[in-house]
Structures are given as C-alpha cells and as structure tokens.
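Colleague: Using the supplied hints, reconstruct the complex from the two chains, each of which is provided in its own coordinate frame.
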Amino acid sequence: MSNEIIIQGPNVAHTIEGATEHHGHEHHEQHFIWKYIFSQDHKVIGKQFLVTGIIWAIIGALFSVFFRLQLGFPDSTFPIMEKFLGEWAKGGKLSPEFYYALITMHGTILVFFVLTAGLSGTFANILIPLQIGARDMASPFMNMLSYWFFFLASVFMFISLFVETGPASGGWTTYPPLSALKEASIGSGVGMDLWLIGMALFVISSLLGGLNYITTILNMRTKGMTMTRLPLTIWALFFTAVLGVLSFPVLFSGVVLLIFDRNFGTSFYLSEIFIGGKALPHIGGSAILYQHLFWFLGHPEVYIIMLPGMGMASEILSNNSRKPIFGYFAMVISLIGITVLAFLVWAHHMFVTGMSPFLGSIFVLLTLLIAVPSAVKVFNWLTTIWRGNIRFSVGMLFALGFVSMFISGGLTGIFLGNSALDIHLHDTYFVVAHFHIVMGVSAFFGMFAGVYHWFPKMFGRFMNNTLGYIHFFVTFAGAYLIFWPMHYEGIAGMPRRYYDYSAWESFKQFQNLNAFISIVAIVVFFAQLLFVLNFFTSIWRGRKVTVQNPWGSPTLEWTTPIRPGHGNWVGEIPEVHRWAYDYKDDGNGNDFIPQTTPLRPGEEAH
Amino acid sequence: MSGFITIALIILVFIIIYQIGKASEYAGVIRGEEKVKAQTNRTIGWLLLAFFILGLYGIWVCHQLLKDKMLPESASVEGVNYDSMFSATMWVTGIVFFATQALLFWFAFRYQSTEKRKPYFLAHNNKLELIWTTIPAIAMAALVAVGLRNWMNITSEAPKNSQVVEIVGKQFNWLIRYPGKDGVLGKRDFRNIDDANNILGLDWKDKDNQDDIIVQNGELHLIIGRPVKLIIGSRDVIHDVGLAHFRFKMDAVPGIVTTLWFTPKYTSEQMKKMTGNPDFVYEISCDQMCGKGHYSMRGTVIVQTQAEYDTWMASQPSYYSGNNPDAKTTAPAADAKPQQKTDSVKAITMK
Ligand code: HEM
Ligand SMILES: [Cu+2]
Ligand SMILES: [Cu+2]
Numbered sequence: 000m001s002n003e004i005i006i007q008g009p010n011v012a013h014t015i016e017g018a019t020e021h022h023g024h025e026h027h028e029q030h031f032i033w034k035y036i037f038s039q040d041h042k043v044i045g046k047q048f049l050v051t052g053i054i055w056a057i058i059g060a061l062f063s064v065f066f067r068l069q070l071g072f073p074d075s076t077f078p079i080m081e082k083f084l085g086e087w088a089k090g091g092k093l094s095p096e097f098y099y100a101l102i103t104m105h106g107t108i109l110v111f112f113v114l115t116a117g118l119s120g121t122f123a124n125i126l127i128p129l130q131i132g133a134r135d136m137a138s139p140f141m142n143m144l145s146y147w148f149f150f151l152a153s154v155f156m157f158i159s160l161f162v163e164t165g166p167a168s169g170g171w172t173t174y175p176p177l178s179a180l181k182e183a184s185i186g187s188g189v190g191m192d193l194w195l196i197g198m199a200l201f202v203i204s205s206l207l208g209g210l211n212y213i214t215t216i217l218n219m220r221t222k223g224m225t226m227t228r229l230p231l232t233i234w235a236l237f238f239t240a241v242l243g244v245l246s247f248p249v250l251f252s253g254v255v256l257l258i259f260d261r262n263f264g265t266s267f268y269l270s271e272i273f274i275g276g277k278a279l280p281h282i283g284g285s286a287i288l289y290q291h292l293f294w295f296l297g298h299p300e301v302y303i304i305m306l307p308g309m310g311m312a313s314e315i316l317s318n319n320s321r322k323p324i325f326g327y328f329a330m331v332i333s334l335i336g337i338t339v340l341a342f343l344v345w346a347h348h349m350f351v352t353g354m355s356p357f358l359g360s361i362f363v364l365l366t367l368l369i370a371v372p373s374a375v376k377v378f379n380w381l382t383t384i385w386r387g388n389i390r391f392s393v394g395m396l397f398a399l400g401f402v403s404m405f406i407s408g409g410l411t412g413i414f415l416g417n418s419a420l421d422i423h424l425h426d427t428y429f430v431v432a433h434f435h436i437v438m439g440v441s442a443f444f445g446m447f448a449g450v451y452h453w454f455p456k457m458f459g460r461f462m463n464n465t466l467g468y469i470h471f472f473v474t475f476a477g478a479y480l481i482f483w484p485m486h487y488e489g490i491a492g493m494p495r496r497y498y499d500y501s502a503w504e505s506f507k508q509f510q511n512l513n514a515f516i517s518i519v520a521i522v523v524f525f526a527q528l529l530f531v532l533n534f535f536t537s538i539w540r541g542r543k544v545t546v547q548n549p550w551g552s553p554t555l556e557w558t559t560p561i562r563p564g565h566g567n568w569v570g571e572i573p574e575v576h577r578w579a580y581d582y583k584d585d586g587n588g589n590d591f592i593p594q595t596t597p598l599r600p601g602e603e604a605h
Numbered sequence: 000m001s002g003f004i005t006i007a008l009i010i011l012v013f014i015i016i017y018q019i020g021k022a023s024e025y026a027g028v029i030r031g032e033e034k035v036k037a038q039t040n041r042t043i044g045w046l047l048l049a050f051f052i053l054g055l056y057g058i059w060v061c062h063q064l065l066k067d068k069m070l071p072e073s074a075s076v077e078g079v080n081y082d083s084m085f086s087a088t089m090w091v092t093g094i095v096f097f098a099t100q101a102l103l104f105w106f107a108f109r110y111q112s113t114e115k116r117k118p119y120f121l122a123h124n125n126k127l128e129l130i131w132t133t134i135p136a137i138a139m140a141a142l143v144a145v146g147l148r149n150w151m152n153i154t155s156e157a158p159k160n161s162q163v164v165e166i167v168g169k170q171f172n173w174l175i176r177y178p179g180k181d182g183v184l185g186k187r188d189f190r191n192i193d194d195a196n197n198i199l200g201l202d203w204k205d206k207d208n209q210d211d212i213i214v215q216n217g218e219l220h221l222i223i224g225r226p227v228k229l230i231i232g233s234r235d236v237i238h239d240v241g242l243a244h245f246r247f248k249m250d251a252v253p254g255i256v257t258t259l260w261f262t263p264k265y266t267s268e269q270m271k272k273m274t275g276n277p278d279f280v281y282e283i284s285c286d287q288m289c290g291k292g293h294y295s296m297r298g299t300v301i302v303q304t305q306a307e308y309d310t311w312m313a314s315q316p317s318y319y320s321g322n323n324p325d326a327k328t329t330a331p332a333a334d335a336k337p338q339q340k341t342d343s344v345k346a347i348t349m350k
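Top to bottom, those sequences are chains A and B. If you're matching positions, the first sequence starts at 0 in numbering that gives the first Met the number 0 and goes up one per residue. If you're matching positions, the second sequence starts at 0 in numbering that gives the first Met the number 0 and goes up one per residue.
Chain B with its partners taken away, still in its complex shape (with noise of 0.2 Å):
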C-alpha cells in the first residue's frame, strides 16, 4: 500500500514539474521571447554563481564531516613517504583545481550575454598555448620523479633480516602459513590439496615443511619494527591482500607468486590508544572481486612486540604434526592424479 502511494506521489510530481515546463514555454511566447529569454540567462548566471560559492562550502562541510573517519597514521614505516606524496599531490592537484573551477565559472558568470557585450573574436595565442603546455609538463615531471623514487624504494628486494610469511586466498577466507624454526617454507603443489588435512598442498616429502605452520583463521602475527615479506598467492580465483593501514596492497593470483613487503611501525595495542578504539584492528580486506563472499574475505594482522610473538608461535603446533598422525609412512602422492605427471609443471617452490 506504502509503495503504491509512493509511486502515485512520484508520478504526480513528475506531471507537476512537467506542466510547470509547459506553462513557462507558453508563458515565454506570451511576453516576448527575447524579453524572458535574456531574463532566464540573467538567472541562469546567478545560479551558476551560487553553485559554486555553495559548493565551496559544501566541500568543507564534507572534509570536518569526514575527516575524523579517516585513516589514523600509516602503521607501516613505509607508509609515511606514501602520506607525505599523497599530501603532495593533493596540493598540487588541489591548487589546479580551485583555480581552474573558479575560472570556468566566474568566466561563465562574468561574460553571461548582454545586449552590450561584444563577444571578443580571439582565436590562437601560440604564446599560451606553450606556457600551457610548459607548465602541466613540468608538474607532471615533478610528480613522476617523486612518484618513481617511493615505488622504486618499495619494490626493491625486501631486507635481509625480513621475516617471511605466505598468505594465501582462497574463496572466502585467507590461509596464512609460518616457515617454522627452520625458517624456510617449504614446497607445495596445487594437486596436493586437500581440504580435510592438507588445505595448502604441502609436499610432505619435503622435510621443510614438517616444521611449517598453517593459520586458519586469518591472523596474521606481525613483529614491530621487524620487516616482513608477504608470499602472495591463491588456490583459486584472484584475491588481492588488501592493507589499507599500511598503505600496501597486492594481488593473489592463481598460478604465480607475488610479494609484498613493509616494517610495522604500531603494535595493534598501540594503535587502539592511537585512535582512542578500543575495538581497532588492522584488517585484511580482499580487494579483487572474487565471488559472492568477496566483501566477507576478511584478514586481521596482529602486531606484536617480539616477546609477545614469540609466547605465540611457541603456541602453534606444526600443520604437519596435526594431519599426519605417523607421519613417516604416508604417501602423500596418492590423490595426485597419474594423469598429470608431467614435468612441466611449475611447482611452487620459496627456497
């Protein structure tokens, strides 16, 4: 009943605008067109205007709004030279675009028609035209230089000391895996998957992996100050390991391996008395659409100090302890499929 009277009233007041259109074309015939017409540009003029004086400020009403809602400080040590070029580039672009809006609509305010105005035939200027060119070119130039220098500093080689953790996608959820005491992950293959006891494919004839330990419920513990490598990948579709808080992401793709790496500035108490939220996490979120459960795919990173890390892992028991109760005699190759014996395939290997 509600949505009918809401469809009636909609449609009433769409034949309402509509006959106030109609009535003001008649209305204009009657008293002379050029007379309404020079009228309307007047108003057209001044509402050009007022949109954008209301505009300025509905920009800043928008920013006091917003801006307690926003990110707190980057909690990667990376992440501050991300800040401080993105504030960069919000001055530059900001200046441009306040001094070029006002333009247009001062211009369009300023030189509305009159029956004086002599409209002025200019049509080149080379002289413009280069400054124009120049100093956009210059900008850009500027930006590219600061923009190339960060993306270089943070796709080098991850340090040496860098503690390495692989994270991997799969729909809805992240599998995060540890390298253990031997502090090497070792080889796996997709055709070893299996849900119930090998959710990741490990290579069971690979002693490396006997030590490694699987996190299942998309925690992934940090250590402060102590950088961290990310090996990226996923079992089925795109994922992407999304880091808003450190100002990082990368996508997980099935086939290859990406890398991702950043130094934990906050430990995650820190960062609750930070941000005065007693409830704040540092989350995962997945930020490549991959399915119906894409906006549930979600990660939290715990950042610790190193005592608190290492109470924890001490905690974890090795996957391969849980799924292969005597270990030494399984045969993990037996749901391989003898078809796929070949060669070729590119098992993955982060030795």
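For reference, chain A alone in the conformation it holds in the complex (with noise of 0.2 Å):
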C-alpha cells in the first residue's frame, strides 16, 4: 500500500484539505437549514438516510428485545417493559395484541425503513456520483424530495406506534382480511390506516430515489466510464433501483385497493365474510389478489435489500484481497440473472393457499433457477479472495460474514422453494430462520461492511477498529446462534408468530431452546449499540483521515479531496481509462492501478 500518494501523503492531504476549506467557504453564506437539512447534496442525502435508517433500526430491534422476552420467558414479567409500553405491558407481561403489534412493526420498519431507505438510500446516494466520476445526481431537487417523503413516512410509521388501538399487527404483509376488518384485530383501527398511508409515502420517496439513480448511472458519467468500467457496487444499485421502480407501483396498487376496501366498502379482496356477530355484505372478492400483490413487490423488494451489499461485498472483497473481482462479466450477468427472475417467483410464497398445483409447478422451476445465479456469485467471492493478500479490515470481515451468511441463508431457500418441502415449512420457524439470515443479518452484513469501508469518505475520519472488530466477531456468532437453531424448531413444524407455545404438546419442548435465543438475541442487540456509539462518536472524534486513498482503491471516490464538498472534485471532473478492479503490479510496487491513470503504451485494458 506504499503508494505514491501515501509518500507525498501529508503534503497531498494539505494541499487538497485547504482547497477544501476554501471551496467550504465559498457556501458559508448557506444558511445551516440549507446546508444540512435541506440540502441537495447527494452525500448529505445519503448521510440523512443512514441516520434516519439507524434510528429506525434501533427501534426496530429494541421491539424484537421485547418480543424476545415473551418467546422465551412467558411465565416471566418484566416491569421495565411496562415503563416503556404502559397498558401494552400491564403489569410486565405483554399482551397477545400488543405482541402481534410488535413483530408487525418489527418486520414493517427492518425490511423497508431500515434495509430497504437505510440501505440503498444511504449507498447509491454516497456512491452513485462519487464513483460513476459525476458531480451530484442527475435531479437533486427529487432526490432531496426522495429523502423527505421517506420521512414523511416515518412519521406516519412513528405517530401509528401510539395510537390507542395500537400499531398494525396484521404481520409485516398485512393479508385482508385481517388487516382490512376492524373487527378482526384492534391493530386494523387507525393503526392499519396510518400504516398504509406510510407505506403509500414510502414507495413514493423509492420511486423518486429509484428513477434518479437509473438517471443518473445511466447518463452522467464521466468521460470514458463505460457501463463495463463501472464498479460492481453501481451496478447492484442499478439493478436495486430498476427492481424498485418496476415492483413499487403495483405494492402501491394493492396498498390503494386495500384502503379502498377499508374505508369506501369495495370488495377486492372480501368476500363471505361472517365477523363481530353478522355476516358482511361483501361478496366476490378475493383475499388471495392482495398476497399476488403483495408478493409481486414483496420478493423483489428481498433482492432490492441482497443487491447493495452484494455490490459492496464484491467491491470490499476484492480491494482487500488486493486482487481484481473474479468473473466481472459473470458478475453482471448473474446480478441480470437474478433480476429478471426476481419478478417470476413471487408466488412461492404462496404455494399452500390453493394455488393451481400446476402453476405452482411452474414456481418451483423459476424459483429453484435464482438459485443458479446466486450459486455462480459465491464461487466467484470465493475464487476473489483465493490467493490473495488479505487484510482484515472491519468492513473486509463484514463482507466475509456477508458470504456465509448468503451461502447459509440461500440454501435453505432451496426447501422452501420446492413446493413438496414447502407444503410442510410454510409459516414455520424454518421460514424465519432462512429469511433473517439471508436477508436480515447478511443484508446488514452487507450494509456494516459499506459503513466501516465509506466511512472515511463520508465523515473524513475513521471508526475505531477494535470495536469493530467486537461488533463484528459478537454479531457473526451471535447470528448463527440465534437462528441455527431456529431451522430445527421449523422442520419440528413450530408456526411463526405465536405468543406462547406451553399450551401445545408438539411444540413446548423448545421451551429452553426459546430462552436461550432470547438471551443470545439481547446481547446481541446491546452489541449493535456499541457499533451506533462507534458511529456517532467516530463521526466527531475519530481518527482522522490523513491520505486520500486509505483503503489504496483504484475507483473514483477516492480521488476526491478527504472531505469533498458540494460538487465533489474541485478542478475538473477526472477522466477514466481503465476498469474498477486493475489490481496488479504497476512496475512502481504499488499492486494498484487507479481508474484515472492512463494505459501505458501496449498494456491491454481489461
């Protein structure tokens, strides 16, 4: 890593830090609101989306802590959990309703606000420009728009948690009827209402983000950035955003009808429904159009939250093995692969709701094939990192533990896949112990890993590695432990979203087992406080970044000034000749080439 830069590195930093100072001052006259609230800048954007994300997440996780404490001690009462729930937790214990409220937001807040706005929020706003060589997003007017219906929507989610009928507790993909009859559920009250008022929000603020990233890779980059120089972190996110805005609207159209059917007395999706003593007298609709639709969205939207880390978990993978990605082509390709099949498989979520068999069938195909191009991925992370020169960086070990927990939570959803294995693993524990691997803590891998490795670029100064390196090694096992044992109590036929299990003589032997996840669950939690205390303080006292390409990185954003102001580079935007990954001897010692550097006369480009 003894480059150049790194030699000249304090002069350099000066140099470009003072011109940074300088081009600070031309905005002084920016009033703070503008600068920092307001703002149309693509990396403040992003900045606002990572913290909206983590104080979402904190919530979010804080409700599966108390979910938690029920599974696994439901003879138990905790008085701390009335401080914080009131008449939802009389007397420390819980209640069935506001239990079912809990893993409804749990699920609603981690899968959109947190994985979906958090993630690809917070990186193709950061990324995007920085990396494809352009001075901000092709419309920063509607990307800053993006971010303030996302907190529009916040709020909605937020206001709906203290409502007095409770929050939605229909289940993140709140199914009609449950979800569209009052007298089904208390959470279908206002609950409901606000809920879907926020989702509507939500997808507007995706549709907005999603066309302008799309915009703005497609059009704005700089001189000589072909799509195949791009990096594969830009070309995850495109994909991302071109899943977004292609499933959102029809999660739109079945969020529209349902309000329909809630408040305006139209049937989509009822029909022969006797609740609350009489019979109702909606007739013809059907329950299971709003799962199409639902599923339709719901699992691209589970490839709008792998993509980004896949992305970034290539790119982290390869600079830290200091060799160039594996299979670029492959990696595009399959990264195609995966998107166009991302909007056939939908209905393997609903293989036992009396579906045709035949089209079933025809699921079970697509759904097994997705399995081929994410198979090709992990060979390739593999081939990545095989002899290489490996430096363990935070973000290095984040992407590792992204890879095995892709592999881990992958193969499990080729059982669910075949329908023949579904037909039993439906709705069990199975179910939630594939999808939080995979998409809950890989995903998140993903998404620690883009932190650790941006983070000099966002704030200019470095996250403390030793906490790092805890928050990683207490996550990583804390992950398997929670959810490995999870698979058992699934193929046992253990159902989800059940308040307590003692009643039940086929499932009450995981008792202890329940417990112990609780406890594994809890600390865990307490040590992704210890990444948001690393975060927070990192952002003002953390060491500081003095050379300009710390990680020795041949992409763009690291040709950029330590702290970049509006508008990126100060001179000219610069131009690229080379591809992302030019990992190799460049006759200096150094083991890269940066994508600016021109080809020396003879070499081949990529």
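Don't read these hints as lab results, they were simulated from the structure. Incorrect hints may appear among the rest.
Below 20 Å or equal to it, Euclidean Cα-Cα: the simulated PhoX-like pairs (lysine-lysine) are [claimed, not checked]:
#1 B/K271 <-> A/K507
#2 B/K34 <-> B/K21
#3 A/K583 <-> B/K264
#4 A/K507 <-> B/K68
#5 A/K543 <-> B/K115
#6 B/K264 <-> B/K159
#7 A/K507 <-> B/K66
#8 A/K543 <-> B/K21
#9 B/K34 <-> A/K583
As the structure is a computational prediction, the values presented were derived from the model and not from experiment.
Modeller: See the structure below:
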C-alpha cells in the first residue's frame, strides 16, 4: 500500500484539505438549514438516510427484544417493559395484541425503513455520483424530495405506534381480511390506516430515488466511464433501482385497493365473511389477489435488500484481497439473471393458498433457477479471495460474514422453493430462520461492511477498529446462535408468529431453546448499540484520515478531496481510462492502478 | 432498583469497552501502526479459523441437543416421501454448505496478508464459470424433478374411497363437519350463519344437511389407512390447517374452498407407544396469522381404527337435530338480509 500518495501523503492531503476549506468558504453564506437539512448534496442526503435508518434500526431491534422476552420467558414478568409500553405490558407482561403489533412493526421497520431506505438510500446516494464521476445526481431536487417523502412516511409510521388501538398488527405482509376489518383485530383500526398511508408515502420516496439513480447511472458517467468499467457496487445499485421502480407501483396499487376496501365499502379482497356477529355484505372479492400484489413487490423487495450488499461485498472483498474481482462479467450477468428472475418467482410465497398446483410447479422451477446465479456469485467471491493478500479490515470481515450468511440462507431457500417441501415448512420457524439469515443478517452485514469501508469518505475519519472487531465477532457468532437452531424448530413444525407455545404438546419442548435464543438476541442487541456508539463518536472524534486513498482502491471516490464539498471534485472531473478492478503490479511497487491512470503504452485494457 | 443496577452495569460495560477501543487506537500510534496492523491481521486470521472450528462443533452440539425433540416419523403415508425428499435435499445442500464455508474460512486464513505475499492477479476464467453454472443447474434440475413428482402426487385428485370431512376456521378455533350417513355435505351459505344455532350457515332447505355432524371442540377423527379429503374453509380471516405430523398444511381462505388429502398411517394410540409419550396428540396448528388468538387456535387429530371410529360416530347427534327442535316448519331464510338476494352469490356447495 506504499503508493505515491502515501509517500507524499501529508503534503497532498494538506493541499486538498485546504482546497476543501476554501470550497467550504464559498458556501459559507449558505444557511445551516440548506446545508444540512434541506440539502441537495447527494452526500448529505445519503447521510440523512443513514442516520434515519440507524434510528429506525434501534427502534425495530428494541421491539424484537420485547417480544423475545415474551417468547423466551412466557411465565415471567418484566416491569421495565411496562415503563416503555405502559398499558400494553400491564404488570410487565406483554399482551397478545401488542405482541402482534410489535412483530408487525419490527418486520415493517427493518424490511422497508432500514434495509430498503436506510441501505440503498444511503449507498446509492453516497456512491453513485462519487464512483461514476458526477458532481451530483441527475436531479438533486428530486433526490431531496425522495428523502423527505421517506421522512414523512417515517412520521406516519412513528405516530401509528402511539394511537390508542395500537399500530398495525397483522404481520408485515398485512394480509386481508385480517388487515381490512376493524372487527378482526384492534390493530386493524387507525393503526392500519396510518400503516397504509406510511407505506404509500414510502413507495413515492422509493420511486423518486430509484428513477434518479437509474438516470444518473445511465447519463452522468464521466468521460471514459463505460458501463463495463463501472464498479460492481454501481451495477448492483442500478439493478436495485430497476427492481424498485418496476415493483413498488404494484405494492402501491395493492395498498390503495386495501384502503378502498377498508374505508369505501369496496370488495376487492373481501368475500363471504362472517365476523363480529354478522355477515358482511362483501361478495366476490379475492383475499388471494392481495397476496399476488404484495408478493409481486415482496419478492423483488428481498433482492432490493440483497443486491446493494452483494455489490458492496464484491467491492470490499476485492479491495482487501488486493486482487481484481473474479469474473466481473459473470457477476454482472448473474445480477441481470437475478433481477429478471426476481419478477418471476413471487408465488413461491403462496404455494399453500390453494393456488393451482400446475402454476405452483412453474414457480418451483423458476424459483430453483434463481439459485444458479446466486451460486455463481458465491463461487466468484470465493475465487476472489483465493490467493489474495488479505487485509482484515472491519469492512472486510463483514464482507466475509456476508458471504457466509448468504450461503447459509440461500441453501435453505432451496428447501422452501420446492413446493413439495414447503407444504410442511411454510410459515414455520424454518422460514423465519431462512429469511433472517439471508436477508436480515446478510444484508445487514453488507450494510455494515459498507459503513466501515466508506466511513472515511463520508466523514473524513475512521471508525474505531477494536470496537469494530468486537462488533463483528459478537454479531457473527450471535446470528448463527440465534438462527441456526430455529431451523430445527421449523422442521419440527413450530409455527411462526405465536405468542406462547406452552399449551402445545408438539412445540413446548423447545421452551429452553427459546429462552437461550432470547438471551443471545439481547446480547446481540447490545453489540449493535456498540456500533451506534462507535459510529456517532467517530464522526467527531475518530482518527482523522490523512491520505486521500486510505484503502488503496482504484475507484473514483478516492480521487476526491478527503472531505469533498458539494460538487465532489475541486477542478475538472477526472477522466477514466481503465476498469474498476485494476489490481496489478504498476511497476512502481504498487499493487493497483487507479481508474484515472491512462493505459501505459502497449498495455491492454481489461 | 435491580432494574436500575442492571442499566448502570450495562452502561459501565459500554464505557469500559469503549475505552479499550480508544486505548488500542492510541497504542497503535505509539507502537508503530504498520507493526500493530500486521499483528492484528494475524490475530484475526486465527480468530476466523477458530470461529469455523467452533462453529462445526456447535453444529454438532446443537444437533445432539435437539434431535430428540423433533417430529416422529411421518404419520401419513404420503409424508414418507416427504421425509426422504427432505433428507435428499439436506444431503445436497449440506455438502455444498460445508464445502463452501470451509473454502471461505480456509482462504481467509491461508491467504491473509503478509509482507512477502504477492497476490495472484487473476481476473477471470470462462471455463470455471461454465463449470459452476452447469453443476448447480444440474443439481437444481434433479431437485425440481423429485419435487414436482411428489407435488403432483400430493395435489392429485383424492382417491375415490376417501373419507370427506370439512374443516372451517374461525377466530380462534376449528369447526369440523362430517357428512353423516348419506356421505354428502349439504350446502351452506355464510349469510345463514348464526352463532347460536347455525355456526356454519347450513342451508336447512337442503336435505343433505340434516344428517351432517358438526364437532366444535376441534377434534378431527380419522380412520387409519383410509384416505381423507379435507374440505377447507374459513368464516372470517385467513387461517391455515397445519398438520405437522402428517407433513401437510393448507390455507383456509374466506370465499374460496381449498382441499387437501392424505392417508393416516398410525393411530393416535400407536403414536403414543412409538414416541413413548403418553400425552402425545396430533395437533392442528393455525399456521396463518389470524389475530390476537392465533397462537391458541388449536385442534387435534384423533386417528382411530374403523371400529373405534364407528362407535364414536354413532354417538354423535346431527347438528340439525340439536338446533331445529321441530325442523320441518322453521324458516331458515329469516335472518338472511333481503338486500343481498343477488343470484351471483356463490353458495358453497360440496356436492
Ligand atoms: C436461493 C435463493 C432463494 C430461494 C430459492 C428462496 C426461496 C424462498 C421461499 C420459497 C420462500 C417462501 C417460504 C414460505 O413462506 O413458505 C422464501 C421466503 C422468504 N425469503 Fe427467500 N429464497 C431465496 C433467497 C432469498 C433472499 C436472497 C432473500 C432476501 C434477501 C430472501 C428473503 C425471503 C423472505 C423475507 C422470506 C419470507 C417472507 C415472509 O413470509 O415473511 N430469500 N424464500
Ligand atoms: Cu421470495
Ligand atoms: Cu387462525
């Protein structure tokens, strides 16, 4: 890593630092509000998404601590819970109604507000302009709106936590009729309306963001930055945005129809229902229609969550192995494969809804097909680190953990995707284990990897390494301890979303295991607080970055000043001459060549 | 008070860990950054290797602890195929799991950074890509083939001699209807439902209903060796008939009828002996989130010999007799709402 920049590090850094200061001065007139709140700078917007996401993550994780207490210790009371939840946990015992509200909001918050907005909102914003060589997004204003719609959606969701009848409580998938009828559940009252409004706003935010990301990547690449020279992060964020733009509108329609059924007497999803002592007038709707609409988004959604992590892991694995990513084109093609197939597998969530078995067979085929591009990616990652010169930065560890978790969770998808096996496993803890490992933990690892790796770019400081290592090992071990045994519970048929298993002859033998899982979950929760502590203290007190390119990376974001101002580059935007993974001997003792270095005479482009 | 102490302790631990983190950062500066980095790298390499080995050990321990808590062998004939397909899939995925995880941790450890190491700048190799595209594709094709064969079998038409039973979910219990002597389930309509005297909304004008039997305690009585076809419905929200011991489940959706069939293989009594658990019962769990009582929506399956079943059945009064004292003259349409007399209504017919 002893490259030129490091050799003359202090000098270079100094001039650059000076330039930024200067740049900052020009904008000094800019009011705080326009600079940090209603900012149109993609980097600031990215940080806004990240901080909002972190706040949501703490709330969502705290909810899981509450309901894990109930699951682990159904016979005990926890007075502290009453302090937080008041009426809902009278005497320190969670009520079933609020248990269901908590799991519903936990899922909604983590899937949408953290792992969608918090993840791709953050990294698409920070990385796209910096890595493709643009001064900002195609439409900085729309980009700002995207954040503020997200903020508004957050406000509605947050308010819904405090209404008298409680927040939505029909599961994060909110299937009608349960979610449509106030008589069916108290959570289907005002809380549900707020949930639906919140989600509708969320969709708008996501569309505004996504369209911007796509346009920016297609049109604003700097000179010489052909599509095949893009870092894989950008490819991944590109397909993430494509998935979102094509599938979120379908969720939107599903949500709107549900609002109609709830408030205006339509019968899109309702038919032949007797509830609350009377027969309802609705005839002819289909509850299954909602599930089709929901999962048409819902499955692409899981890849919306997964792809950014895949892109960042590719980047970080290659960078810290000091080796080019293996199989760049195979990686791009498998991303395309995953994107296309992601639209064609949604009904694997509905094998046991009474759907036509023939249709089911088609979805089995397409679902297992998606395992092929997934496998290709895993093998390429493995070959990338093979015979590398691996530097265990915290980001690298999380990227390795990402691969490990993706393997574990992807393999259980093969069980679930086969309808003949799903018919027993559906809606058991096996599914809970599957998607927490592959989506929950793996995507979080991708996100952590990205945060640790690009923190120096975001704030001009490093996060603390020791705390990072502790965070990694506790989380990695904890995640396996929590979710590995859940597969056993699921294979034994233990249903998910149960408040208490003690009355069940078939499931009560897992009581001790549930207690164990709860304890580990609480430990892991505190380990995440360690991350939060590290994150916020490092913003102001972390070790300063003194060199422009601390990780020795060929990509463009490291050619900007250490603390880039709005506009990113001080002078001209640099021109690109080579691909993003040009790790090789540059003849001067460096093991990489920046994208901005022209090809040497006689050197072949990748 | 104890809550306060706990919180104070947690905060203390946080401060200590944070200080350690900070201190190690300064130590790094004092002792020479490069040297500390190299040392840390080595330590992390060992930790990863240790993680992998402990992980393997953990998997083994987990298996030892839990294997006796799992389901007994399949209680349905069709579930036998399920179990074998499950273990085949387990073998395939298990091998891939151990191979890839081993490579991941081994590469990380083996190729950790050292002064001397020169990375091997390999960027692509189409032959390798081809191999690891084809092999998973073939493996998946094989799994799909087995899966679809089993799927076709279990979703095919129920055998002609099947016993037919209707099971209807409502918040939060199961109602079970047997067709009675005529072997036919009569028509029902949700607008006839009355919790007091017609919980399933049977249409009393349909004579086939008069001998139908409704069991309200959630007991599903089945006959060993005789296929059973379940007619599944719901009165209110979506539920799901979960039959873990039989390796089946199917949603109960208001407005549509779903079905499921299987053949019970062991009586409840036999199962008690096989599991050595005198309290053993086959349970029906609701497997689709249905409201605050979801976790308590429990039914049971009682598999009996034909003789035991016949005796039990003979003791069950028809629902009609219990709820229509002078049946002939009652006007069942009385509680139907007049404004809903449209013809397009799909009355649920099981005939
Ligand atoms: C090899 C690839 C995968 C296959 C074959 C697969 C298959 C499946 C199937 C069939 C289900 C439905 C199970 C059921 O409800 O009975 C499922 C559930 C789920 N999967 Fe995957 N999956 C794969 C990868 C992923 C990835 C990469 C993610 C996320 C990033 C993911 C997230 C989820 C989620 C969130 C659910 C549960 C949703 C719910 O019911 O609440 N899966 N998966
Ligand atoms: Cu899916
Ligand atoms: Cu239910």
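Colleague: Where does the structure disagree with the numbered hints, that is, which hint numbers, in rising order?
Modeller: Numbers 3, 5, 9, in rising order.
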